[in-house]
Each structure stands twice: as C-alpha cells, then as structure tokens.
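S.K.: Starting from two chains that each stand alone, build the complex the way the hints lay out.
Protein chains in written order, with our numbering: chain A, 2 to 301; chain B, 75 to 360.
You may find that some hints are simply not true.
Here chain A is said to cover these stretches of chain B; the calculated rule only asks that three of the stretch's residues, wherever they fall, bring their Cβ under 8 Å from a Cβ of chain A [stated by the list, open to error]: (1) 97–106; (2) 113–122; (3) 172–181; (4) 197–211; (5) 307–316; (6) 325–333.
Some, not all, of what chain A presents toward chain B, calculated at C-beta under 7 Å [said to hold, decoys possible]: (7) Leu38; (8) Val108; (9) Ile124; (10) Ser125; (11) Ser237; (12) Phe283.
Some chain A residues well away from chain B (every beta-carbon gap over 10 Å; in silico) [what the hints assert, rightly or not]: (13) Gly63; (14) Pro64; (15) Trp67; (16) Trp77; (17) Thr157; (18) Thr165; (19) Ile203.
FYI, nobody ran anything at the bench for these hints, they're computed from the structure.
Computed from a prediction, not measured in an experiment: that's the story for all the values here.
Even glycine gets a Cβ: it sits at the ideal position worked out from N, Cα and C.
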Amino acid sequence: MTGSTLGARAPRLTLRRRRQLAGALFALPAVGLVAGLIAVPIGQAIYYSFTQWDGLTSTWIGPSTWTQAFHNPNLWTALENNAWLLLAVPFALGLPLLIAMLLHQRVIGWKIFRSIYFLPTAISWVVLGLVAERFFAYQGTLNSLIHFFGLAHVSTNMLGYESTALSALGITFVFTMIGTNTMLFLTGLATLDTSLEEAARIDGAGRWRIFRHITLPHLSRFIQLAFVMTVIALFSALFSLIFVMTGGGPGYATTTMEFLIYQTGFAQGDFGTAALYGLILFVLTAIVGIVQLRLIGSDE
Amino acid sequence: MSVDTRRAAPEVATDDRARVRRVGRGALFLVMVGVAVVMLYPFWVMVVDSLKSENQFLSGHGFSWASWRTLTSTIPIAQEVVSSTIICAVSILLILLVGLPAGFAFAKLKFRASGVIFLAIVSAMMVPLQAILMPEFVNITRLGLTGGYTGAVLVYAALGTPFSVFLFATYFRGVPDELIEAGIVDGLGYVGALWRLVVPIAIPAIATVTVLQFIQIWDDLLVGLLFIQNTSERPITVGLAVLAAGRTTSIPALMAGSLVSALPAMMVYLIFQRYLVKGLTMGIDR
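Chain B on its own, in the form it takes in the complex (with noise of 0.2 Å):
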C-alpha cells in the first residue's frame, strides 16, 4: 500500500488535477443553475399561472390565453401603464431639473454655509416616507393636490432629491475649476456653464438616476397608494396591490398584470444595468 503508483507517474498526477478541477468547475456551474432556477421562479409564476383560465388554475390542469384576453376587462391595465409613465416621467424630470442645479453648486458654487446645508440635504437621504407619513399625507390633501398626479410627483421628487444631489455634486467635484471659469469668462453665464458645460459631461450620471428613480418609482406602493385619490389615475402597483389585497380577483389575471408590470422596470434594468451598479455603489467604489 505504501508504494502509490500515482507518485511514480506524475503525468497521471497532472492528469487527475485537471480532472478534479473540471469536475469542480462542473459543479460549479450546475450550482449557478440551480441559483438561476431559483431567480428565475417569479417569472415562471407569472408567466405559468397567467397562461390559465380560472377554472384551469382551480384545477390544476390545462393551459389557455384566456386571463390575458380577457385581461384588459379584467384590469384597467393600460390606463395604469399610461399614470405609471406619466408619473415616473414628470417625477425624474423634476428631480434632474432640481438635482443638477443643486449638484452643480455644492460642488463648484460653494456659498455661505453650503457645506452644512448639503449635509442636511444628504441627511434627508435616510428618512423613510412613514416616518413623516402623517403630516406629508395631511399637507398634500389641504393644498388639494391629490387629486391628480402632483401630489405623488411632489412627493417623489423631494424623496429623491436627496440622493440626485449626492451624486451629481460627488460627480461634479471631478470636474476641473478651469473649465467653469473659461466658461464664465467666455460669457457664457453660470445658467450657460451648467447646461452648455457641465450637463454634457454629466450624461452618466443623469442616466444612473434616472435609471434608479425610474425603478424605485415604477415598482413603488405607498406614495401612489396615499397620494393618489382617484381610481382612474392609479399607477399600474397601486392597481395590483389594491387587486391581490380585495383577494376577489383571479390569480392568472393578477400574474398577467404582474407581468405586464414588470417588462418595463426589467427592461430598463437590463439595458442600463452598468448605470444602476455605479449607482449603489457611488461614495465607496473609488
């Protein structure tokens, strides 16, 4: 036993750690498949449960286009789609408009206590909407702007603010001095350096919030649930949540919404998933 004729060859010793590695890199991959088909299982929900009738889906048998015919009567699905984008769309803008400003002047236009103010404004990041829930809701409704899309744009804008501003004045402070003051002795104006200069150079990150907001408001409840009264103009979650809440609907119609909801958000994502990792990890990936 002690005479090991592996030792003897070692070209079969070579042999067999290629073999240990590929076995290993075979196991690898099928546990990358495994954690796949774990990701992957809400699709197949929504896409499997969709493709029933409600009987089917009782039953457990048999597949049709049935809840996705009859989905439209079902949900008023495309009406949601359409409060969904125009919220999403004024939201984000807003937030550029006041954003990059703001961005622009903590990191170039330092004024009287700007330092202590974009603290504050940075600070505003970590408060959760419900712990100033109670007034927000109470201040919205008395200036009457619930009714419509400009209450939630508001409050959207003003949740995301905080973070558009930390990002543009981190990107901004990168940009060199020279370049504002040729600018501004060029004439163009601290308005003309903004647009003309420095937004241009920014299109990264615009496009990181504006991929990040777009998600964070597409896939959002509770603003859109509180800050929204009329039933015609609810975003595409609020009309699902209220749906799956009522539990009268039937589940193949709630997962074709479910997936109808979710296409645009993964989209986005799927394209501009660079911008969405730079995103999150802005402030520590230097």
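Chain A on its own, in the form it takes in the complex (with noise of 0.2 Å):
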C-alpha cells in the first residue's frame, strides 16, 4: 500500500516539475521582451534623470537636476495644458452615455447607426487631426457653420490663437474618443437585465429614476473603466494630434507632458531632462494605472 502511494507520487512530482519548467519556457520569450523594452528602459530613465545627458554621453550631475526641472516654467505650461484637457473629460463620457443610450432604443436601423458610430475608432489620429485642422482652420468648416447660422461677421481661428488652441485640441480629442467610449457603454447596457426597467416603469418610475437608480449603477464598472481609458488616453496618446495640428504651439499653448518629452529630447537634444520629464509622466499614468488594475483585478 505505503509502496504503491509513493511509487504513484515520484512520477507525478517530476510530472509537476515538469510543467512548471515547461511553464517557465513558455512564459519566458514575453518576460524577456517585456523586461527588455520596457522594465529596463524604466530603470535607465531614473539612471538617466540624474544626468546631464545628449544621447551619447551622460555626465552624473545628481538630485539638482530635478530641482532644475521644477523650476522650468515649460513643465509647468505642460502640466496645466494637461489639467485644462482634464476639463474634456466629462464630455469624453457624458456624450458616449447619451449616444449609446439612443442607440439601446434600438430604433429603426441602430444597427447601422451603430455601425456609423464606430467607425472613426479605426482612423488614424493622425488622419483624424488632419482633418480637425480643416474643420477649424480660418477657412473650415466651423466658420462655414457660424457663418450659415447668420453671424458672418465672426470668424475664428482657434488653432492660431493661444487663449484657444487648447480648446480645439480639447474638443478634437472628445470626438475621437466617443467611438470607444460608446463602444463601452453600449455592451453594457446590452448587459443589462431589462426586466428589471420594466419592473420598476411597471411600479410607476419614471425615465430619469429608472436611469438614475437601475441603469447608471448597473453601468458604473463600464463608466469607471472608460474613465481610466480616457484620462489614459488624455495623457499618452494625443501626440498625433498635436503633431499634425499644432505642433505644440502657438508657444506652448498646446504642448502636453507627452509633447514636452518629444520636443526637449528631440528638438532641443536634452536628453536627461526629457527622461526626467517621462518619469513624470510615467507617475501620473501610474496613479491612474492603480485605479485600473483594481478595476479589473476586482473580477478575479
């Protein structure tokens, strides 16, 4: 008896130390890439904002780079320019909810209309900015528009001033996060028991209630996520936008943290303050990131 147990488990161990090896293997090419190109990099930027450094050579220089850094007022534009686009941030969700909210009355052809909704998540940013720089340039289609609506004596130019680049920029961004966002939105009302609406309209709830008390809790996981996504999006993924629209300007009313990083590394060779400028970055994504992964870690 005692003889056939331990026969039976010395297989099964190696068995076991078998898969985890194989486990290992399997898992290592990822581990190595992901280490590789992105671990290692983290670490060198912390090495690298501690220097003064163009690329090629890197000089130690020590903690007083980072005091230098706070106190360059370019930092600071950048950061405000990010907390301005905050601002965009609950149009980037309420008009999402609105529309997928339309699209869940499924009237005649919200199929298509869905369809039609979408389609721009799968254009460039880059294609999509270009566009936007019609859309407000002098002689785009916004002035056609405030012109048809009988003010011919205004015309705008957001892009070309200051006090509105980042608006444009703002607004630009909110239309190319709806598709997403909708996306969102409507799996989840699709997600959602119906019966339960119709219980509550059936006792005498009215539309804002039933909104209020069984459609928005229901939604709030698929709110939350889309939130991180967006303010995500926010601070990693205009530099499209910018590139093609402003470049940035005019003077830096438009250029963001993730700009800033391109702009001090790239145009003026300042490698060590760029670095420095991305562990900035890599902070603020990393707060929102917690949120994210508590998100999603919650299911498990």
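M.R.: Printed below as a string of structure tokens:
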C-alpha cells in the first residue's frame, strides 16, 4: 500500500516539475521582451534623470537636475495644459453615454447607426488631426457653420491663438474618444437585465429615476473603465493630434507632458531632462493605472 | 374647461399616446441621423477635399480627379502602405508567438513566482511609451536597429505583449485542465498541447488581439516616426504626419492620402467589429 503510493507520487512530482519548467520556458520570451524593452528603460530613465545626457555621453549631475526641472516654466505649462484638458473628460464620457442610451432604444436601423458611430475609431489620430485642422481652419467648416447661422462677421481661427488652441485640441480629443466609449457603454447596456427596468416602469418610476437608480449603477464598472482609459489616452495618446494640428503651439499653448518629452529630447537634444519628464508622466499614469488594475483585479 | 372630451373617449387617448410615441421615435431617429452626420464628417472632408485640384481647393469651386491622379508622385503612397503592412504583420506575428505560450503558461502551467511575474507584465500595460522614450530610443539606436523595420517591430511587440498575455491568460483559464492533461498523457508534450489543443480553441482571442493590434499599429505615429530612420521605409501615418507638419504639401493630396490610409483599418474594423468590442471590455464583461 505504502509502496504503491510512493511509486505513484514520484512520477507525479516529476510531472509537476516538468509542467513548471514548461511554464517558465513558455513565459520566457514574453518576459524577456517586456523586461528588455519596458522594465529596463524605466530603470535607465531613473538613472539618466540625474545626468546631463545628449544621447551619446552622460555626466552624473545628481538630484539638482530635478530641482532645475521643476524650476522650468515649460514643465508647469505642460502640466497645466494636461490639467485643463481633463475638463474634456466629462464630455468624452457624457456624450458617449447619451449616444449609447439612444442606440439602446433600438430604433429602425440602429445597427447601421452603431457601425457609423464606431467607424472613426478605426482611423488614425494622425488623419483625424488633419481633418480637425480642416474643421478649425480659417476657411474651414467651423466658420462656414458660424456664417450659415447668420453670424457673418464672426470668424474664428481657434488653432491660431494661444487662448483657444487648447480648447480646439480638447474638442478633437472628445470626438476621437466617442467611438470607443460608446462601444463600452453599449456593451454595458446590453448586459442590463431589461426585466428590472420593466418592473420599475410598472411600479410607476419615471425615466430619470430608472436611469438614475437602475441603469447608471449597473453601468458603473463600465464608466470607471471608460474613465481610466480616457484619462490615460489624454496623457499619452494626444501626440499624433498635437504633432499634426499645432506642433505644440502657438507658443507652448498645446504642449502637453508627452509632447514636451518629445520636444525636449528630439528638438532640443536634452535627453536627460526628457527622461526626467518621462518619469513624471510615468508617475501620473501609474496613479491612474493602479485604479485600472484594481478594477480588473476585483473581478478575479 | 373641466369637461375634458378626451377623458370621455379612452380610445382617443391611447391613439394620442401612440402618436406621441411615434413622434418620439421619429425625433429619436432624427437625432441619430444628426449624430451620424457628425461621425461621418471626417470621411466627408477627406472625400470632398481630395476631389479638388490645388487651385480648386484654394478658390473653393469645382471638382476634379487631379489630386488622385498625381497622388503617387506627391506622396510615395504605395511604398508607405507596403511598409505599414510589413510592420503590422511582423509585429502582430511576434506578439502572438510570444503572447500565446505566455498566456498558456500563466493560466495553466503555473511556476514559481508566476503570479507576481504575471502581475508585473500586466502592469507594463500602463507604461506609456513616452515615459521610457529616451532610453528606448538610445538603446534601439545603439543596437543599430533603426535602419529597417526591426526596431519599430520590437517596440510595437513589446508594447502589445502585455495586453495579449493578459487576454490569452484570461481566456485560457476557461480551458479545462483535464483537456491539457489528456493531451500530455497522450504524448503530445507541452508544445504539442499548446499548438494542437489550446491554440485552436483560442481563435476568437487571437482574432481580438490581431484586430486591436492591427488598428493600434497601423494608426500609430510616434514609434514609426522615431524608430525608422530611412524615409524610404516610412509607414503611411508617418508619411502623412511629416508632410502635414511641413505645411508645404497641397491639402487635397494630403486628404487623398489620408483616405487611403484610413481604408484598410476601417475594413478590418467593419469586418471584425465584435472582436474589437470583446477585447475592449475584457475583464469586466463577465
């Protein structure tokens, strides 16, 4: 009896061992890729943030690089621009929520409408930036619309002025996020149990009450996810739009953190400061990312 | 006034309510058409502006095929589309080759510290490229990988791997252990089990990763801009963005090029829409 158990255990142990070995080997390429191209550069960025670095030679300066960076007004302008752009987030969530609710009513042709609404999601933000430039241009669609509605003497050139360029960028950002967020909310609505709404309606609850107390709580996880994705996009996906629409200008009016990193590194050749700015961006997105991980994690 | 005629005739009231509903539906439909117009606006701009010569564009009158006819001489569009295609295909292949076994390992072949390593890889999803841009650029340049596509492909693969590992691991958790054990007992080995048993049932997850990554990489600017040095190997988004930033190219030509660049991603998107939705809501959609 004891012999047979031992005999059965020994090969099972090696089997377990072999499975673990196979697992480790299977994971190795992915781990290597992520370690080499994401983890190691984070470490390097930390090191280089304390140096004077032009990409070829680096000289250790120490923590004074950080105090110097924080005295640079451009950094504060970029952070301020990012903060202002956060004002676009409620619109980037609210409009898609509204659109998703409309689609959920399933009027005739709603599937076609759904495809149309999602279509811009497939287009590069480089292209959407080019189109947005046409929209805001002096002879563009925006001014045609203004003139159409009878304000012939008003002409705007939002991308041309420091006071309005950031708003134009924010509006474009909202447009680019509509497809993805609508898609998220619509998926959320599809998982909603309609009998709940039905029951509430029979109990005499009005539309707003049903939305407020049944639909919205049900969507909360989808809204959280959309919020996190939108904020992360705001911090790290505007590069294409800015590059095409404004190049960060006029002045520094549309230079966000991510664009400042690019400018500092590649236009000014100050790799050390750019690496440092990268770390600041990293911390900002990490804060948002932790929220995201907790959202995903709470499911498992 | 207190005698409401409608109240006396209930069938009229229901008739009214039906009319209100019909009017409501009609209004809703109109609103949806309005939203559709806004969402189709980019295509309208691209089509209309590209159907003009430069003079017609400046004067605002007339249409012609001029910009399309001269497109290949204004923008090296064929070469750029080929570049984009190669970069997308190789990057996605690499992401799948690396992501599938890793997802399988983290879900079914747990090893020491696999939980922590998995968490670390998933966390890498949150690292924006800009945060590590400078060291990444210098590393890739020092390795001599910015000539040709290798550098860009490696960066895209590294950026896409965390999500694909997460998605595959989540997907494979649903595969019964018995199936894999049976495969092992039958002498398939682990590579055989992965290739013959796991991959075939993972086709929807593979489709999701492929579609999401295709759109991501096809549409990207930053990596192609910095990690591909030869202008003759530029992907299309980089070509368009650089031309646009230069502000010397005619806008009709730029719009024609934009339309060409938008079409493949749109086709992929329209055909594989449901995989896209699945990928986006992965993790909360159950």
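S.K.: State for each hint whether it applies.
M.R.: Now for the hints, and whether the structure bears them out:
no., hint, result
1, 97–106, "holds (count 5)"
2, 113–122, "holds (count 7)"
3, 172–181, "holds (count 7)"
4, 197–211, "holds (count 15)"
5, 307–316, "holds (count 3)"
6, 325–333, "holds (count 4)"
7, Leu38, "3 Å, holds"
8, Val108, "5 Å, holds"
9, Ile124, "5 Å, holds"
10, Ser125, "4 Å, holds"
11, Ser237, "3 Å, holds"
12, Phe283, "4 Å, holds"
13, Gly63, "18 Å, holds"
14, Pro64, "19 Å, holds"
15, Trp67, "16 Å, holds"
16, Trp77, "18 Å, holds"
17, Thr157, "17 Å, holds"
18, Thr165, "20 Å, holds"
19, Ile203, "16 Å, holds"
The structure meets every hint from the earlier list without exception.
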